[in-house]
Amino acid sequence: MLLVLVFAVYLYTLNERVQEQFEGKRWQVPSRVFARPLELYTGKTLSREQLIYELKLLRYTNNESLKQGSYYTKRKSVYIHTRPFQFWDENQSAIFLEVKFKQNKIHSIWNVDSGEALDLWRLEPLFVGGIYPKKKEDRILVRLQDVPDSLIETLLAVEDRDFYRHYGVAPLSILRALVANIRAGGRVQGGSTLTQQLVKNFFLSSEKTINRKVNEALMALLLEFHYEKDEILEAYLNEIYLGQDGNRAIHGFGLAAQFYFDVPLAALNQGQIALLVGLVKGASYYDPRRFEARARQRRHVVLKVQEKLGLTTLENVMSYDQSPLGVSKNKPSGMTRYPAFIDLVKRQLQEDYHPDDLSSEGLRLFTTIDPWQQNQLEQAVKSQLPKLDKKTRLKKNKLQVAAMLSDTGSASVRAMIGGRNFRAQGFNRVLDARRHVGSLIKPAVYLTALKQPDTYNLISLLQDSPIRIALENGGSWTPNNYDKKFHGEVSLISALANSYNAATVRLGMKLGLENVGQTLKDLGIKREVAMYPSMLLGASSMSVLEVLQMYQTLAEQGIQTPIRAIHTVTTADGETLSKYPLKVQQTIKAETVYLLLKSLEEVANSGTARYAANKLGKNFKLAGKTGTTNSYKDSWFAGITGDKVAVVWLGDDDNQSIGLTGGSGALRIWTDLIARTSARSLNMPVPEGVSFAKLDAVMHKKGEIICASDIVLPFISGYLPKRRNGASCVDD
Amino acid sequence: MEHHVLTIKENQFHYQLIAVIFIVLIAGCSTSTKKTDSILEPEVIENKLPGMGDDERVIAIPPPTREKYQSSPVVRGLLMKSKRKFDAKEFDAAANYIERGINISPNDPMLWQRLAVIRFEQGDFKQAKQLAKKSNVLVETDLELRTVNEAIIERANRVLSP
Numbered sequence: 001m002l003l004v005l006v007f008a009v010y011l012y013t014l015n016e017r018v019q020e021q022f023e024g025k026r027w028q029v030p031s032r033v034f035a036r037p038l039e040l041y042t043g044k045t046l047s048r049e050q051l052i053y054e055l056k057l058l059r060y061t062n063n064e065s066l067k068q069g070s071y072y073t074k075r076k077s078v079y080i081h082t083r084p085f086q087f088w089d090e091n092q093s094a095i096f097l098e099v100k101f102k103q104n105k106i107h108s109i110w111n112v113d114s115g116e117a118l119d120l121w122r123l124e125p126l127f128v129g130g131i132y133p134k135k136k137e138d139r140i141l142v143r144l145q146d147v148p149d150s151l152i153e154t155l156l157a158v159e160d161r162d163f164y165r166h167y168g169v170a171p172l173s174i175l176r177a178l179v180a181n182i183r184a185g186g187r188v189q190g191g192s193t194l195t196q197q198l199v200k201n202f203f204l205s206s207e208k209t210i211n212r213k214v215n216e217a218l219m220a221l222l223l224e225f226h227y228e229k230d231e232i233l234e235a236y237l238n239e240i241y242l243g244q245d246g247n248r249a250i251h252g253f254g255l256a257a258q259f260y261f262d263v264p265l266a267a268l269n270q271g272q273i274a275l276l277v278g279l280v281k282g283a284s285y286y287d288p289r290r291f292e293a294r295a296r297q298r299r300h301v302v303l304k305v306q307e308k309l310g311l312t313t314l315e316n317v318m319s320y321d322q323s324p325l326g327v328s329k330n331k332p333s334g335m336t337r338y339p340a341f342i343d344l345v346k347r348q349l350q351e352d353y354h355p356d357d358l359s360s361e362g363l364r365l366f367t368t369i370d371p372w373q374q375n376q377l378e379q380a381v382k383s384q385l386p387k388l389d390k391k392t393r394l395k396k397n398k399l400q401v402a403a404m405l406s407d408t409g410s411a412s413v414r415a416m417i418g419g420r421n422f423r424a425q426g427f428n429r430v431l432d433a434r435r436h437v438g439s440l441i442k443p444a445v446y447l448t449a450l451k452q453p454d455t456y457n458l459i460s461l462l463q464d465s466p467i468r469i470a471l472e473n474g475g476s477w478t479p480n481n482y483d484k485k486f487h488g489e490v491s492l493i494s495a496l497a498n499s500y501n502a503a504t505v506r507l508g509m510k511l512g513l514e515n516v517g518q519t520l521k522d523l524g525i526k527r528e529v530a531m532y533p534s535m536l537l538g539a540s541s542m543s544v545l546e547v548l549q550m551y552q553t554l555a556e557q558g559i560q561t562p563i564r565a566i567h568t569v570t571t572a573d574g575e576t577l578s579k580y581p582l583k584v585q586q587t588i589k590a591e592t593v594y595l596l597l598k599s600l601e602e603v604a605n606s607g608t609a610r611y612a613a614n615k616l617g618k619n620f621k622l623a624g625k626t627g628t629t630n631s632y633k634d635s636w637f638a639g640i641t642g643d644k645v646a647v648v649w650l651g652d653d654d655n656q657s658i659g660l661t662g663g664s665g666a667l668r669i670w671t672d673l674i675a676r677t678s679a680r681s682l683n684m685p686v687p688e689g690v691s692f693a694k695l696d697a698v699m700h701k702k703g704e705i706i707c708a709s710d711i712v713l714p715f716i717s718g719y720l721p722k723r724r725n726g727a728s729c730v731d732d
Numbered sequence: 733m734e735h736h737v738l739t740i741k742e743n744q745f746h747y748q749l750i751a752v753i754f755i756v757l758i759a760g761c762s763t764s765t766k767k768t769d770s771i772l773e774p775e776v777i778e779n780k781l782p783g784m785g786d787d788e789r790v791i792a793i794p795p796p797t798r799e800k801y802q803s804s805p806v807v808r809g810l811l812m813k814s815k816r817k818f819d820a821k822e823f824d825a826a827a828n829y830i831e832r833g834i835n836i837s838p839n840d841p842m843l844w845q846r847l848a849v850i851r852f853e854q855g856d857f858k859q860a861k862q863l864a865k866k867s868n869v870l871v872e873t874d875l876e877l878r879t880v881n882e883a884i885i886e887r888a889n890r891v892l893s894p
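Chains Z and U supply the protein sequences, listed in that same order. Going by this note's numbering, the residue at position 636 of the first sequence is 636; the numbering climbs one at a time, nothing skipped. Going by this note's numbering, the residue at position 9 of the second sequence is 741; the numbering climbs one at a time, nothing skipped.
By construction, these hints were calculated from the structure, which means they are not laboratory data. Honestly, I wouldn't trust all of these hints.
Claimed, not checked - Straight line, CA to CA, 27 Å or less: simulated DSS-like cross-link-like pairs of lysine-lysine:
id : chain 1 : residue 1 : chain 2 : residue 2
1  : Z       : Lys390    : Z       : Lys615
2  : Z       : Lys229    : U       : Lys813
3  : Z       : Lys583    : U       : Lys817
4  : U       : Lys800    : Z       : Lys105
5  : U       : Lys821    : Z       : Lys589
6  : U       : Lys858    : Z       : Lys521
7  : Z       : Lys583    : U       : Lys858
8  : U       : Lys858    : Z       : Lys105
What the hints assert, rightly or not - Partner residues aside, some chain U positions facing chain Z, computed with beta carbon under 10 Å:
id : residue
9  : Ser803
10 : Pro838
11 : Leu863
What the hints assert, rightly or not - One-sided and incomplete, this derived list gives chain Z residues near chain U with beta-carbon spacing under 10 Å:
id : residue
12 : Arg75
13 : Gln86
14 : Trp88
15 : Gly558
16 : Asp653
17 : Glu688
We treat Cβ as the ideally placed atom computed from N, Cα and C, and that holds for glycine.
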C-alpha cells in the first residue's frame with residue numbers, strides 16, 4: 001500500500017515536470033544578430049569588388065544557376081538571384097537582379113524577369129552571430145507543416161516505424177533490440193521510440209542505468225498521455241542533436257539543413273535528407289565533414305530505406321552513392337567574427353532586456369555593423385600594426401589596439417575591434433579599457449572658451465608660459481609642453497592645433513573646471529568626471545566608446561546623437577518588439593562647434609596630425625586631435641571627416657610605456673582606415689550665426705609671428721574681431 | 733528606447749503645421765533648381781565695429797548665395813514612400829523610410845525635417861523640436877526649409893510650455 005502511494009507521488013512529480021517543460025518555453029533559442037543590409041541604388045559609390053565581397057559573405061555561390069543565393073558577373077554587370085528576407089519593415093521576395101556598374105558607381109539596377117528598373121534594392125543582411133545561453137544549444141525552430149513529408153517519412157521509417165501506433169514505448173522494439181544486442185555481444189541497436197529519445201534529450205542525462213531507463217519510459221508514457229503525436233513529433237524535429245560547431249551544439253533539422261548544406265529545410269533533396277536522418281544515430285560518429293566514408297555508408301543505408309518506401313528509385317540511390325555528400329566546405333559558424341561588436345550589442349540591450357530573454361527567445365536583432373567597413377578596419381590594423389610593433393618598446397604582440405568607426409548623422413557603429421586579435425572573445429578594450437585620454441580632452445576646454453564669444457574667438461591670444469598650480473594636498477603641479485618649450489603669446493587656434501599644454505591649463509583654470517566639466521557632459525560623457533586641474537590635459541580615464549561619443553557630438557555640430565549599434569528588435573516571427581529610433585538633442589550651439597572644428601582642421605593642416613593630410617591629400621579635409629599620455633603609455637587619435645567619425649587607441653594592458661605618440665601611433669591606423677572607408681572630405685555646413693572675415697591681423701605659429709593677412713576664419717556674427725595694436729608682422 | 737504606441741494627438745497646431753509643410757512640399761516638388769542671382773566675386777564690406785579706429789579694419793565676407801537644397805534621387809524616392817505612409821497615418825513605417833534615407837544621405841536636411849514632422853504627429857514634441865534643430869544645422873542657405881523648421885520648433889515650444 002505504502003509502495004503504491006510512494007509510486008503515485010513519484011509519478012505525480014514526474015508528470016509535473018513533463019508538463020511544465022512541454023507547456024512552457026521548450027527551448028532556449030539564441031537571438032540572431034544581423035548586420036546592416038547592403039543598400040543598392042543608382043548612383044551609389046560601390047565597386048563590383050565590394051558587392052561581390054558582400055555576396056560571398058552571404059554565402060552566395062558564383063555560378064549561372066537559377067538557384068536563389070547565386071550570382072555571376074558578365075561585362076559590367078553582376079547578376080544576382082537574391083534570397084527572400086523578412087526585414088523589420090517589410091518582406092522582400094527573391095528576384096533576379098542585374099546590377100550594372102560604371103566606374104565605381106552603380107549605374108542602374110534591373111529586375112531581369114520583369115525588365116523594370118529599380119531605384120532601390122537591399123540585399124539580405126549578414127547573420128553576424130548569436131547571443132547564446134550558457135548551455136550553447138543552437139537551433140532554428142520549424143513547424144511541422146514546413147517540414148518536407150519525405151523527411152518525416154524517412155525519419156519514422158529509420159527511427160520509429162510504429163510512432164503513430166504506440167503509446168510512447170514499444171516493448172516489441174525493446175525486445176528486438178535486446179536480442180540483437182545479445183547476439184552481437186554489445187549495443188548495436190536501440191529500441192527507443194522517438195518519444196523516448198525526446199524525453200532523453202529533454203529531461204535526462206545520458207547515463208545508462210536501469211533507473212534512468214525506467215524514468216524515460218514513464219515520462220514517455222506521460223508525454224503521450226497529454227499530447228498529440230504531431231506535437232511530439234514537431235518537438236522532436238527541433239530538439240534532436242545533429243552536430244557540433246566548437247562548443248555550440250547544432251539541434252534540430254532546421255539548423256542542420258543550413259549547417260551542412262547552406263539551404264533552408266524545404267530545399268533539401270533526397271540525398272541530403274538521407275544524410276541528415278542518418279545523423280540522428282550519431283552525429284559525431286557520422287560527422288560528414290570529418291568522417292566522409294562513414295557518413296556515405298550511413299547515407300546509403302538510409303537511401304535504401306527510402307527506396308523501400310518508394311520515396312526514391314534504385315537508380316537514384318545508385319546515382320547518390322556515386323556522388324559526394326555535397327556538404328558545404330566551410331561550416332557556417334555561429335561563432336561570431338565580430339566579438340567586440342556583439343559584446344556592444346549585448347550591453348546596449350541589457351538595459352531593456354533580461355539576459356535570459358536575449359539568449360532564449362529567438363529574437364532577431366538588426367544592427368548597424370557594416371561587414372565591408374569592418375573588414376577595412378581589420379585590414380588597416382593588419383597593415384599598420386607590424387610597423388608600430390617595430391617602433392614600440394614592448395615585447396612581441398603586447399601592443400594592444402582598440403578602434404571604432406561610425407557614420408556621421410545617424411551615429412551608427414560601422415566597425416569596431418576590441419584588441420589585436422579581432423576574433424578573440426574576452427577583454428573588450430573599446431568598452432572596458434578606460435585610459436587617460438591626454439590631449440583628446442582639449443577640445444572640451446577650447447569649446448568652453450568659445451561658448452563666450454564676447455571674450456574668446458579663434459584669434460584670442462593665450463599665454464603659453466610656465467604655470468604652477470597649488471594642489472589640495474599641499475603639493476603643486478607645473479605642466480610642461482611636449483617639446484619642453486614655452487611659446488609665449490599664441491592664438492587660440494594655434495594653441496589647440498599644436499596642443500600646447502601650458503596655454504590650455506591657463507585657459508582651463510580661467511574658465512573654471514566646472515564649466516569644462518559641463519562641456520564634457522554636453523559632449524555626451526555620462527559618467528561623473530573627477531574635476532582636478534590635470535584633467536585639463538586628459539588625466540581622465542575614458543573608453544574608446546566615450547571618446548567616440550564626444551567626437552560624434554562635435555561632428556554633428558553640437559547635436560548630441562547617441563552612438564547606435566541596434567535599431568530594431570523583432571520576435572522570431574518578425575513582429576517588432578522594440579525600436580531604437582534616431583534621437584538627437586542640441587547641447588551646444590552649432591556656431592560654437594563650427595569654430596572649434598575649424599581649429600581641429602588646423603590640427604591636420606599645420607598641427608600634430610599633418611601625417612594624415614599628407615597621406616590623404618591636401619584637398620581631403622578632416623578635423624581631429626592626437627592624444628599622448630605621460631611616459632607614452634597611450635597613443636590616441638580621434639577624427640572626423642565628411643561621413644565618418646573614428647577613434648583609435650594604442651596601449652599596453654599592463655600600462656607600460658609603448659613609446660608612441662598619438663601622431664606616431666594611433667594616427668597611422670586612423671589614416672589608413674579613413675583612406676579605405678571615408679568617401680567625403682569634411683565640408684561642414686555653415687550654421688546661421690557664423691560670419692567669415694579675411695584677417696588683416698597677426699597669427700602665431702610655433703612661437704613665430706607670421707603674417708597671415710590672407711587667412712579667412714569664422715567668427716560668431718556680431719563678434720567680429722578688432723585689429724590688435726602693437727602686433728607686428730614678420731613681413732612688415 | 734521606445735516602445736511605440738501610436739497615439740495621434742489632435743490639437744490646434746496640427747493643421748497649421750500640415751499647412752505650412754504642405755506649402756513647402758509643393759514648392760519642393762518643382763524640379764527646377766531655383767537659384768537666386770549669384771555673386772561671383774564677394775563684395776568687400778568694410779565692417780566697422782563701435783570704437784574701432786580707421787586702421788582697425790576687418791573685412792567681412794558676405795554670406796554665400798542662397799540655394800535651394802536638392803535631395804538625391806534615391807532620397808527623393810524614399811521621401812515619397814514615407815509621405816504615402818504618413819498620409820495613411822502609418823507613422824512608424826513613415827519613419828522607417830526616413831531612417832533608411834538618413835543612412836544613405838546623413839546630411840540631407842529634408843530627411844531630418846520629415847522625421848521632425850513625423851515625431852510631431854506622433855506627439856513626441858521634444859524630439860520634433862530637436863530634429864528640426866538638427867535639420868536647421870544642415871539647411872545652410874535654403875530659407876524655405878529653415879522657415880518650416882522654425883515653424884516646427886515654435887509649435888513644439890507652444891505645446892511643451894503653453
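Outcome of the hint check:
1. Z:Lys390 to Z:Lys615: Holds - the C-alpha atoms of Lys615 of chain Z and Lys390 of chain Z are around 21 Å apart, at most 27 Å.
2. Z:Lys229 to U:Lys813: violated, 48 Å
3. Z:Lys583 to U:Lys817: holds, 21 Å
4. U:Lys800 to Z:Lys105: holds, 26 Å
5. U:Lys821 to Z:Lys589: Outside the cut-off at roughly 34 Å; violated.
6. U:Lys858 to Z:Lys521: With Cα atoms ~20 Å apart, Lys858 of chain U and Lys521 of chain Z stay inside 27 Å; holds.
7. Z:Lys583 to U:Lys858: holds, 10 Å
8. U:Lys858 to Z:Lys105: violated, 39 Å
9. Ser803: Status violated, d = 12 Å.
10. Pro838: holds, 2 Å
11. Leu863: Cβ of Leu863 of chain U sits 6 Å from chain Z, so the hint holds.
12. Arg75: violated, 24 Å
13. Gln86: violated, 14 Å
14. Trp88: Nearest chain U Cβ about 8 Å off; hint holds.
15. Gly558: Check passed: Cβ of Gly558 of chain Z comes within 8 Å of chain U, closer than 10 Å.
16. Asp653: violated, 33 Å
17. Glu688: holds, 7 Å
Taken one by one, the earlier hints fail for this structure at numbers 2, 5, 8, 9, 12, 13, 16, listed in ascending order.
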